[in-house]
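This is what each chain is made of:
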Amino acid sequence: MTLFARAAGWFGLYVILIVLPVLVGSATGPGPTTRSLLIEFSAGLGLLAFPLILVQFALVSRVKVSSRPFGTDALVQFHGYMGFLALALALLHPLLLNVEGLPLAAWIPFGGSLVAVSGAFAAWALVALVLTTVLRRRLALSYEVWRALHMALSVITTVAMAVHVLAVNRYSSTGTMRAVLASYLVMFGAALVMYRVIRPLRMQSRAWTVTSNAAIAAGTHHLVVQPVQHRGFSFEPGQFAWLTTGRSPFSPQQHPLSIASSAERPEDGAIEFAIRELGDWSGTVVPNLAPGTRIWVDGAFGAFTTERKAAQGFVMIAGGIGIVPMRSMLLTMRDRDDRRHVLLIYAAHDPARMPFRDEFEGLRTSMALDIVDVLEAPPPGWNGERGYVTAELLKRHLPRQFRRYHFFVCGPPAMMDAVEEALVDAGAPAASIDSERFNLV
Amino acid sequence: MRHVAVRRAALILATVFVLFAGLFAWMAGRGGSHEQISIAIEEAPQAAAEHRGAALYDTFCARCHPVETLRGPLNEERYRELQEFLRKHGKSSDEEDRLILDYLAGR
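As you go down the protein sequences, you meet chains G and Z in turn. Counting in numbering that gives the first Met the number 0, the first sequence runs from 0 upward without gaps. Counting in numbering that gives the first Met the number 0, the second sequence runs from 0 upward without gaps.
Excised from the complex, chain G in its bound form:
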């Protein structure tokens, strides 16, 4: 089955899962009623919000088979959009009832009926869930704290919502509907147990050890890790893995990182990462990962890869630490004797922030690689490109048959947006442009 067919299948399953309670409610509910259209519309929104929220967890629970056709970053992005939609539906549900006479006191999560209290709890927990995500940096929440909070609020929302739906006891009064709702709760619970308990337990016996940790450029660490008494895992060039540091795989210090090494792994199964000091974990924990430190690596994920791309060549545009997946792609092409042409456009603030730059120069002798450096703050005497990657710069350097190439872009979000726009302006087909957006929250 092709990736497209698999993606269509998963997407269809998702849509069915979301609309199923509404369909069941329509088929088994109390039938034509004398309630107003607005009240029934509100009930419909509530019946959609319930599965939307419960399926949210499955979207980001690292299930390889369902994430492979889309890419984990795309699923995380989709998870975000559906979170906003679920919030909108969940808030519109009581607001429409307010219009129809439900007192505003129903928003107070204390002292009312079970229906009102559970509904208000679910709504406010969902508001807190979205706000703490959108405002994480402004609230100065560390990634680990946010992650724990996100999980706790998800569970509170889910439980309160389930109690609310059952307590309303209108569309949920039939055995069929109760069975459907129960199956969603079982699915949520199973995903939670799988992701939070079983996966870390399995990782416990598959530890990795740090074999070297070297500073290779300004604020950038080159980490080499090796599996301990197991074979590690295979990956596609450009994919990423979750690195867990701390006492056990249950540690909250879990971060997604692009793999920097060749997909043609050495005998010992070692893989490499390059990590820039950008946050609290990368700035304080990573520099102190001494050789011999035990860590856990869960992979591989993502669809940002040269694998199965039947292109004539590749244009790779990297900004700063966004070079990491490109390194994996280039080393893999070298190891597989892939002779397709590659144009690497490497943008950075200054030469000190260009990890692996010298190594790429060496690759030019063994593969068809052209490199264009673009510096924001070039040193005196610099004759190369300066400033940013623009449409004009691209037109100067893109190969003649660039429309048959595939384009990879990785870097800061603003840079990726600008470069994608510039590529389309320059004539690159939008369907041939891939970007890796790791800015999870």
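Please keep in mind that the hints were generated in silico from the structure rather than gathered at the bench. As the structure is a prediction and not an experimental result, all values here were calculated from the model.
To give an idea of the chain G side of the interface with chain Z (calculated C-beta under 8 Å), a few residues:
hint	residue
1	Ile17
2	Ser25
3	Gly28
4	Glu39
5	Phe40
6	Gly70
7	Gln76
8	Phe77
9	Leu84
10	Glu419
11	Ala429
All C-beta atoms in this analysis are idealised placements derived from N, C-alpha and C, irrespective of residue type, glycine included.
Chain G is already provided as a structure; the job is to place chain Z on it using the hints.
Positioned in the frame of chain G, the structure of chain Z alone reads:
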């Protein structure tokens, strides 16, 4: 550009889901005349009253009269008989008697 495709898919899905809720409402609301919202807040006092009636029954009556022997539909005559009985019997107030009776009658 996957992220653009994702944004479009999310927008289309949001539209489809809202339309779906509208269709659901239209199918469910074909009953004709409208009634006001009767969930939650109207149910709340009823439920609270029922809980209070049950609690009062447990306090004043349950020791001698198992609830299964008395709870069920009450016609007006039977309701008045029990009301009179409660007035003369036990320590509950008239308001508490009414809550107990409503609980027994399932009103």
